[in-house]
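Chains as they are written, first to last, in the numbering used here: chain A, 1 to 444; chain B, 1 to 314.
Some clues are possibly wrong.
Said to hold, decoys possible - DSBU-like cross-link-like pairs, simulated, lysine-lysine; straight-line CA separation at most 30 Å:
| hint | chain 1 | residue 1 | chain 2 | residue 2 |
| --- | --- | --- | --- | --- |
| 1 | A | 411 | B | 157 |
| 2 | B | 13 | B | 259 |
| 3 | B | 186 | B | 262 |
| 4 | A | 406 | B | 13 |
| 5 | A | 222 | B | 157 |
| 6 | A | 402 | A | 22 |
| 7 | A | 406 | A | 438 |
| 8 | B | 157 | B | 262 |
| 9 | A | 22 | A | 403 |
Claimed, not checked - Here chain A is said to cover these stretches of chain B; the calculated rule only asks that three of the stretch's residues, wherever they fall, bring their Cβ under 8 Å from a Cβ of chain A:
| hint | segment |
| --- | --- |
| 10 | 60-74 |
| 11 | 116-126 |
| 12 | 203-215 |
| 13 | 218-224 |
Said to hold, decoys possible - Not everything, but these chain A residues come out facing chain B in the computed CB check (under 7 Å):
| hint | residue |
| --- | --- |
| 14 | 214 |
| 15 | 217 |
| 16 | 218 |
| 17 | 285 |
| 18 | 288 |
In case anyone wonders, no lab produced these hints; they're calculated from the structure. Using N, Cα and C, we set each Cβ at its ideal position, and we do this for glycine too.
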Amino acid sequence: MKRNKSAEISLNQRKGSSLLIKGGHVIDPASTVNAPMDVLLRDGRVAEVAPPNKISGADEKLDARGLIVAPGFIDLHVHLREPGQTYKETIATGTTAAAAGGFTSVCCMPNTSPIIDTPELVEWLQEPERGAVVNMFPIAAATHASKGAVLTDFRGLQRAGAVAVTDDGKPILDEAVMRETLRISAESGLPVIQHAEDTRMTENAAMNEGPTSFRLGLRGMKTAAESSVVERDVQIAQQFPGARLHVAHLSAADSLKAVRRGKRASRAHITCEVTPHHFTLLDSDIVDYDANFKMNPPLRSEADREAILVALADGTVDAIATDHAPHAIHEKVMEFERALFGITGLETALGLAITRLHREQKVPLARIVELFTAGPARVISLNGRGTLARGSYADVTIFDPKKRWKFDVSKSHSKSRNTPFDGWQLTGKVVATIVGGKIVYRGD
Amino acid sequence: MQVPASQYPAKGKIARGSLLGIEQLEAADILGLLKLARRMNPQRPRPLLRGKRVLLLFYEPSTRTRTSFEVAAKSMGAMTTLVLSSGSSIEKGESLLDTGYTLRAVGADVIVVRHPHAGAPHLMAAHLDIPVVNAGDGMHEHPSQALLDAYTILRHKKTLKGLQVAIVGDIYHSRVARSAVHLLSKFGARITLCGPPELLPEAATTLAPALRVTRHAEEALRGADVAMVLRVQKERLAGMQISLQDYISRYQLTMARLKLAKKDALVMHPGPIIRGLELTWEVADCPQSVIVEEVRNGVATRMAILAKALGKAR
C-alpha cells in the first residue's frame with residue numbers, strides 16, 4: 001500500500017475555505033461528465049460537482065464562463081534535473097512551467113546526478129524544501145545507476161513513494177533483466193517504463209533514418225530500433241500476468257502495432273504515451289541543423305505521425321506526456337551531431353494538442369482531456385487524481401479551448417529555452433491551474 | 001524567471017556571400033560561378049581581394065582543398081591564415097562558435113571551413129556577420145568540389161543536360177557525391193549511383209529526381225559520359241558484409257569496365273586516390289582521366305567562390 005508523501009500539496013487551501021468554479025463546462029472523462037457544471041472545492045478536495053447555479057455559499061468564486069474545467073493534468077514524463085543539473089532546470093522552475101502548462105501533477109525522471117536509485121533519494125525529492133509548485137511523483141531507476149545490470153529495490157522505492165521505475169534515457173536492454181523487472185512489476189503492481197531503443201542500432205545517430213537524414217548527411221535511427229524492443233517487451237510481459245509495461249515517448253508506427261497486440265492479449269497491462277512533438281512535427285521539419293529539433297526518439301516520418309494520430313484518437317495511446325527535457329544554451333547551440341537530445345514541452349502541450357489534434361484532426365475535446373487526465377492516472381494508479389469525482393484532490397485545470405496565442409519562449413518559466421515551437425501560433429490556453437484547491441497559475 | 005533576450009540563439013540569418021552547399025543554389029547562381037571561374041586565370045590573376053583576409057579553418061586533413069583555396073586567395077592578393085584544430089585552442093575545448101568569433105575579431109573577412117560535422121558551416125554563418133564558405137562538412141556537402149567538377153566536365157562536354165553520369169563508390173559517407181548529385185540534377189544530367197547496399201542505401205534515390213541506383217558497376221558504366229569514382233575507406237569495409245577483395249572485384253574501375261562507357265568518357269575522382277583500390281593504376285593515368293585537371297581547375301573555381309563571397313565578382 002503506497003504512502004503518498006508531503007510533495008502532494010493536498011492541504012494548500014486554508015482549512016475550511018472553499019472555492020467555487022462557476023459557469024464553466026466540465027469535462028471529466030473518468031466520471032464521464034461532459035456538461036456545464038459548477039465545481040466546489042473545499043479543504044483541498046472536490047466537495048461537489050453540480051449543474052449551474054445549484055451550489056452556493058463559497059468563500060471565493062472563480063468565473064469560468066466560456067472555459068473548460070477539467071481535472072488537473074498529469075504529465076508522466078518530465079525531467080526536472082534535480083539533483084545535480086540545476087543549471088538546466090530546478091524543481092521550482094520546472095514545476096512553475098508545469099503549472100503554466102496546466103499540469104497539477106508531474107512524474108519526474110530519475111536520470112539526474114546522482115541517479116534516483118535509492119529510497120533515500122526518492123524521499124529527498126519529496127521534501128517540501130525542494131520547492132515544488134505542483135504535485136511531484138518520483139519515478140525511480142529500475143537498475144543501479146541505470147547501468148542496466150542490477151535491479152534496484154523496487155519494493156523499497158515503492159514504499160518511499162516512487163510511482164514507477166525506469167532507466168529512461170537508456171533502455172533496459174538485457175532480456176534477463178527485463179524479464180526480472182516485469183516479474184517484480186507483476187508482484188508489486190509497480191509499472192515499468194521502458195525507453196525503447198536498441199542502442200546497438202543507433203550509435204552516432206542524430207535523427208530518424210530516412211530521406212531527410214540522407215540529404216542532411218546525418219546518421220539516422222531506424223524505427224526498428226524502437227519497435228523491436230517494444231515487441232520483445234510486450235512478449236515478455238505476457239508471461240507475467242498483471243505486469244505493467246508502459247512504453248515511454250512512443251514514436252513509430254510499428255511500435256503501435258506491438259502495443260495493440262499487447263493490449264489485445266491482455267494478460268499484462270500494456271500502456272503507452274506520446275509526446276506533443278511527435279504528433280506535431282516530422283523529421284523533414286529539421287532545417288538549418290537547428291538542434292532545437294533534436295530529441296530521442298527523434299522526429300519521424302509522415303507515416304509514423306499518421307499512425308500516432310490514429311492511435312491517439314482510437315485509444316491505443318493512453319497518455320500525452322511531454323518528455324520535458326531542458327538543456328542549457330551551450331548544450332544545444334552547437335553542431336547538430338554533438339548537441340544533446342531533448343526539448344522542453346510543458347508550456348506548449350495543451351496548445352499543440354488543441355491546435356493539432358482537436359482543430360485539425362477533429363479529435364473530441366473529451367478525448368484530449370482524457371489523454372491528459374484519466375489516461376495517465378490509470379497508468380500509474382494515481383488514486384484521487386485525473387478526476388473531479390467528489391472526494392478527489394482539488395487539482396483542476398481551467399482552459400480556454402478557443403484562445404489564440406503565440407508561444408514566446410522568452411516568457412517561458414523554464415530555465416531553459418530549447419524548444420522548436422518559439423513563435424508558434426497556437427489555439428488553446430491555460431487560464432488557471434489549481435493544486436490542492438489553491439490557484440498556482442493564472443494565465444493572462 | 002525570465003532569461004534575458006540577449007542569451008537566445010540567433011534565429012539564423014545567414015551571412016551574405018556564404019556558400020554552404022549546392023542544394024539551395026539556383027541553376028543561375030551556379031552558372032554565374034562557373035562563368036566567373038572561366039574568367040579567372042591563376043597564372044595572371046587580378047588583385048580582386050587585395051587587403052582581404054581569408055581565414056582557412058580546417059578541422060580535418062586536406063591537401064587539395066586547403067592548398068587550392070590558399071593559392072586561390074593569394075593569387076587575388078588576399079592574405080591567408082591557416083588554423084588547424086590540432087595545435088590550436090580547439091584542443092582546449094574551444095567551441096566552433098567561439099572559434100568563429102575569435103577569427104572574426106582577429107580580422108577575418110571570410111572563413112573557409114572544413115569540419116567533420118554536418119551543418120558546422122551553417123552554425124557559423126548563422127552567428128557571424130562575415131561570409132562562411134563550406135570546404136566540406138561531415139557527410140553533407142562539398143560545394144567547391146561539385147563546382148570544379150562541373151567546370152571540368154564542361155571543358156570537355158558541350159552541356160550537362162542529358163549527360164550520363166555514373167557515380168561509383170561509398171556514396172553514403174560522401175559529401176562529394178551529395179553535392180555532385182544536387183548540381184548535376186539541377187542541369188538535367190542522368191545520374192546513376194552505384195555501390196553495395198551498406199554504402200548506397202535505397203534512401204539515396206530520394207536525393208534528387210530520377211536518380212538510378214544499381215549494384216552492378218557494369219550497368220552503371222555502360223554508355224556513361226562521365227565515370228566519377230569515389231574513395232572507399234578500408235576501415236569502413238571492415239565492419240561490413242562486403243570484404244575489401246569483394247569490393248575491388250565488383251566495383252573497382254578497371255580498363256575493361258571503362259571500355260563499357262563511351263569512348264570519350266571522362267574519369268573523375270575528387271582525390272585522394274588509392275591506386276589499386278577504387279581504381280587501377282592504368283585507369284588513373286589513362287588519357288580519359290581528368291583527375292589532375294580537376295585539381296588544376298579547383299584553383300580557378302575557388303578564386304571565383306572567394307571573389308563572389310567577398311562581393312568582388314567582376
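Between the alpha carbons of residue 406 of chain A and residue 438 of chain A, is the straight-line distance 30 Å or under?
Holds: residue 406 of chain A and residue 438 of chain A sit about 27 Å apart, inside 30 Å.
Coverage assertion for the segment 218-224 of chain B with respect to chain A, Cβ distance below 8 Å, three residues required:
violated (count 0)
Would you settle whether the hint for residue 285 of chain A is holds or violated, based on the nearest Cβ-Cβ distance to chain B being less than 7 Å?
Status violated, d = 15 Å.
Taking the closest Cβ pair, is residue 288 of chain A under 7 Å from chain B?
Cβ of residue 288 of chain A sits 5 Å from chain B, so the hint holds.
Straight-line Cα separation of residue 157 of chain B and residue 262 of chain B no greater than 30 Å?
holds (12 Å)
Between residue 222 of chain A and residue 157 of chain B, does the CA-CA distance stay at or below 30 Å?
violated (41 Å)
With a cut-off of 7 Å on the beta carbons, see whether residue 218 of chain A makes it to chain B.
holds (6 Å)
Please count how many residues of the segment 203-215 of chain B have a CB within 8 Å of a CB from chain A and say whether that reaches 3.
holds (count 4)
Can you tell me if the segment 60-74 of chain B counts as covered by chain A, using C-beta to C-beta distances under 8 Å and a minimum of three residues?
Violated: only 0 residues of the segment 60-74 of chain B have a Cβ under 8 Å from chain A.
Satisfaction of hint between residue 262 of chain B and residue 186 of chain B, Cα-Cα up to 30 Å:
Given pair residue 186 of chain B, residue 262 of chain B holds - Cα atoms ~23 Å apart, limit 30 Å.
Interface hint compliance - residue 217 of chain A to chain B, C-beta minimum distance less than 7 Å
This interface hint holds because 3 Å falls under the 7 Å limit.
Given pair status - residue 403 of chain A, residue 22 of chain A, alpha carbons within 30 Å
holds (19 Å)
Checked against the numbered hints listed earlier, the structure breaks hints 1, 2, 5, 10, 13, 17; every other hint is satisfied.
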